[in-house]
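Student: What follows is each chain in one-letter form.
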Amino acid sequence: MSSTHQIEYQKKELPNKLKTIGLVLFIVGLLGVIISYLTDSSRSAFNNIIMLTFLTSVGLSSLFLVTIEYVAGAVWSTPFRRIPEILSSVLLVLPILLVPLLFKLGDIFHWMHPEVVEADKILKGKAPYLNVNFFMIRVIVFMLLWILFYLLITRTSKKQDITFDQSLTKKNIKLSAVFIPIFGITISFFAFDWLMSLEPHWFSTIFGIYYFSGSILAGFAAVTFIVVLLNENGYLVKGLTNDHYYSLGAFMFAFTNFWAYIAFSQFLLIWYANLPEETFWFLQRWEGSWVYYSIGLIFVRFVIPYFGLLSQPSKMDPKRLKIMSVWILFAHWYDLYWLAMPNYNKDGVLFSWIELAFPILTVGIVILLFVQLSKKNNLIAIGDPKLKRGIDFRL
Amino acid sequence: MSDKILYSYTGIFDTPDEIIRAAEKTSEHGYKKYDVHTPYPLHGMNKAMKLPPSKLGYVALVVGLSGALAALLTMFWMSAVDYPIIIGGKPFFSFPAYVPVMFEVTVLSASIATVLTMLFIFFKLPNNAHPLHDTPYMKKVSSDKYGISIQAEDEKFNEEDVKQFLAELGAKEITPIYYDNEEINHKHKILEPKFIGFLLFTALLTSGVSYFVLNKLLFMPPFDWMMEQEKLNPQSASAVFSDGFGMRKPVEGTIARGHIPYSFHGQPEAAEANLINPLPVTKDVIDLGQKKYDTFCSPCHGYYGEGDSRLQGQFPNPPSLHSEKVRNWKDGRIYHIITDGQNVMPSYASQITSEERWAIVHYIRVLERALNAKESDLK
Numbered sequence: 001m002s003s004t005h006q007i008e009y010q011k012k013e014l015p016n017k018l019k020t021i022g023l024v025l026f027i028v029g030l031l032g033v034i035i036s037y038l039t040d041s042s043r044s045a046f047n048n049i050i051m052l053t054f055l056t057s058v059g060l061s062s063l064f065l066v067t068i069e070y071v072a073g074a075v076w077s078t079p080f081r082r083i084p085e086i087l088s089s090v091l092l093v094l095p096i097l098l099v100p101l102l103f104k105l106g107d108i109f110h111w112m113h114p115e116v117v118e119a120d121k122i123l124k125g126k127a128p129y130l131n132v133n134f135f136m137i138r139v140i141v142f143m144l145l146w147i148l149f150y151l152l153i154t155r156t157s158k159k160q161d162i163t164f165d166q167s168l169t170k171k172n173i174k175l176s177a178v179f180i181p182i183f184g185i186t187i188s189f190f191a192f193d194w195l196m197s198l199e200p201h202w203f204s205t206i207f208g209i210y211y212f213s214g215s216i217l218a219g220f221a222a223v224t225f226i227v228v229l230l231n232e233n234g235y236l237v238k239g240l241t242n243d244h245y246y247s248l249g250a251f252m253f254a255f256t257n258f259w260a261y262i263a264f265s266q267f268l269l270i271w272y273a274n275l276p277e278e279t280f281w282f283l284q285r286w287e288g289s290w291v292y293y294s295i296g297l298i299f300v301r302f303v304i305p306y307f308g309l310l311s312q313p314s315k316m317d318p319k320r321l322k323i324m325s326v327w328i329l330f331a332h333w334y335d336l337y338w339l340a341m342p343n344y345n346k347d348g349v350l351f352s353w354i355e356l357a358f359p360i361l362t363v364g365i366v367i368l369l370f371v372q373l374s375k376k377n378n379l380i381a382i383g384d385p386k387l388k389r390g391i392d393f394r395l
Numbered sequence: 001m002s003d004k005i006l007y008s009y010t011g012i013f014d015t016p017d018e019i020i021r022a023a024e025k026t027s028e029h030g031y032k033k034y035d036v037h038t039p040y041p042l043h044g045m046n047k048a049m050k051l052p053p054s055k056l057g058y059v060a061l062v063v064g065l066s067g068a069l070a071a072l073l074t075m076f077w078m079s080a081v082d083y084p085i086i087i088g089g090k091p092f093f094s095f096p097a098y099v100p101v102m103f104e105v106t107v108l109s110a111s112i113a114t115v116l117t118m119l120f121i122f123f124k125l126p127n128n129a130h131p132l133h134d135t136p137y138m139k140k141v142s143s144d145k146y147g148i149s150i151q152a153e154d155e156k157f158n159e160e161d162v163k164q165f166l167a168e169l170g171a172k173e174i175t176p177i178y179y180d181n182e183e184i185n186h187k188h189k190i191l192e193p194k195f196i197g198f199l200l201f202t203a204l205l206t207s208g209v210s211y212f213v214l215n216k217l218l219f220m221p222p223f224d225w226m227m228e229q230e231k232l233n234p235q236s237a238s239a240v241f242s243d244g245f246g247m248r249k250p251v252e253g254t255i256a257r258g259h260i261p262y263s264f265h266g267q268p269e270a271a272e273a274n275l276i277n278p279l280p281v282t283k284d285v286i287d288l289g290q291k292k293y294d295t296f297c298s299p300c301h302g303y304y305g306e307g308d309s310r311l312q313g314q315f316p317n318p319p320s321l322h323s324e325k326v327r328n329w330k331d332g333r334i335y336h337i338i339t340d341g342q343n344v345m346p347s348y349a350s351q352i353t354s355e356e357r358w359a360i361v362h363y364i365r366v367l368e369r370a371l372n373a374k375e376s377d378l379k
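Line by line, the protein sequences are chains A and B. At position 56 of the first sequence (counting the first as 1) the number is 56 in the working numbering, and the numbers step up by one without a gap. At position 253 of the second sequence (counting the first as 1) the number is 253 in the working numbering, and the numbers step up by one without a gap.
There may be inaccurate statements among the hints.
In silico SDA-like cross-links for lysine to any residue, where the CA-CA straight-line distance does not exceed 25 Å [to be verified]: (1) LYS50(B) / GLU118(A); (2) LYS291(B) / GLN229(B); (3) LYS47(B) / GLN266(A); (4) LYS55(B) / GLN266(A); (5) LYS55(B) / SER247(A); (6) LYS90(B) / ASP243(A); (7) LYS156(B) / LEU310(A); (8) LYS47(B) / ASP243(A).
FYI, nobody ran anything at the bench for these hints, they're computed from the structure.
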């Protein structure tokens, strides 16, 4: 057995420039969001939902990737496991993003008005699930669970940097095994609550998986982008090769296909059965300029990443990986916009500075959090017993 | 020894690390025509040998896309051009329905093409002769050793140099490999006549056997037992009966099981005089009557028997069931009308069973009573 102490890793501080960029984006975004809330609060609330679900995607699926690595005993991702660990700290911000929404819940979810529910047979039937109290319980319980597991898993992992104790890996494996089913259930119901119930008459049982597939894709894209960027500038451990890059690229490629498969399954079944209570959701997205947006989704989310990552060399090319991962993150935002916004404006696509302020704030938050947390932590899990094998990983 | 033609020089190594280093050195040294043999695939060997990425992917891409296109055109031609049938109210050319099939055909054609290309182009399949076959070298590298073989065809090949080079790499058992006599004269052809003959023979055999079994054998005795059965077929002639028909009429007076014939067809008065409602007036009976009335009678007579059809004038409205005439009819008369029909009302005997008809009669009485209640009902 090779000793973990042989690993060459010199912790380097991230450049101050990055922090400045993060701070500027954060302030610009925050100002934009505040002004947009003052000018058009319900439209901002819908954008806020997109921001919330986007950051949940990135944070939660990053934590999911960490846990999957532990449970599967994967070694290839160990050298950069800290990156998803730090990324999942986004989960800590979610409750803050939720606060402005709490004042606008009535504008967003029309099932929250008792008189509407009373007059509507379908909403009445859904009331045992879709009611304000249970909704708030779910929101709070889900977020508490996510933050709890984030704290438990990353704490154990950080402790290992100092103690080099192998049994901590065992402990995290157990935690991960508990987290994975919780993740599966909570992410599905989170999607039902925040995205599907925007149109409470509509239902699709595959919707949770739809959001899950997009989320994992976004998580992989965020991790890939940061890993490639940091590795190129020498902030990560020496020895990451094309084989590591290939694995990340292959996962993005695979989940691009998985997303297309799920999205198409949802569409095909509804299109085939042609039941009015299901098809109207797609018809809404076929009205006005939404039709171009919906067709664009196929290209933005599937065709472009598919051909961008199809060939073997493209999965190893750092430049291509960076472009495609940023593209996939954009595509995830595009997808969430497609899910949420037609409920706000049925006539067509809306785009103005309001729609820009929220992504800017999102990027600012992620950069600031990342800079802040990478100060305190190593960017490499130096105490992990799998690290050496992870660096030696070859396809 | 001098009359034999040299194919290659081979060397044996003991561990995967050694063979990878040897492959790296060999490619660095400038040898191009050499090969490495290991009992199992070794990670990193492509890189060590500086092999270019496989071209097989392009075959899969091109054939896969052609397969998708072929599937699309096939379905378009079948369901929109040659034999258009409306399915589920969809347009004849409905792309979403084709996607799953296109996907399947893409995968199928790409994988078959990949396998066949690999076997016949890359592995030169019909050709199963190779100088390395049946050598002690091959026996070792296919069990637990790792070997490298530098071919004499290589431009830089020089017997002494190669021997020395292999020795420097640390190879054991450095041995020359010679062509067999047949192999020298053998030329690789995909269209090997013997192989083509074999393919043709297999194709003819399988299709011939299938044709014979499905079109001939099944019609020969004793395999025709499904078709030729010892029984009388309803629509064929029979010598047994004097009229020559295989199909018989039932005996006079035969009644189907569960069926009671109605003997008052066209005689409403006789029916009124002779028929008595056999059902008791209970909640179950009234409920049954209501259910059947609402289903079969209410479209024309209305839910309360007032003749207020909800057919919007598409069928003439019947008179009210609350008229004095109807109220004074006995149960048998109403039963007769449901069974036999009256004026434009057709017979309902085939839709409503006898018992249900009687239940409906009770329910009609309930409706009538509701509109013409007696003093005593209020007490």
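Student: All hints are to be evaluated individually against the structure, with a verdict given for each.
Tutor: Structure-based check of all given hints:
1. LYS50(B) / GLU118(A): violated, 72 Å
2. LYS291(B) / GLN229(B): Given that 25 Å is the threshold and the Cα spacing comes to 48 Å, the pair is violated.
3. LYS47(B) / GLN266(A): violated, 43 Å
4. LYS55(B) / GLN266(A): Violated, at about 36 Å.
5. LYS55(B) / SER247(A): holds, 21 Å
6. LYS90(B) / ASP243(A): It is violated: about 47 Å lies between the C-alpha atoms, which goes past 25 Å.
7. LYS156(B) / LEU310(A): violated, 38 Å
8. LYS47(B) / ASP243(A): OK: LYS47(B) and ASP243(A) at ~11 Å, within 25 Å.
The structure fails hints 1, 2, 3, 4, 6 and 7 (numbered hints given earlier, in ascending order).
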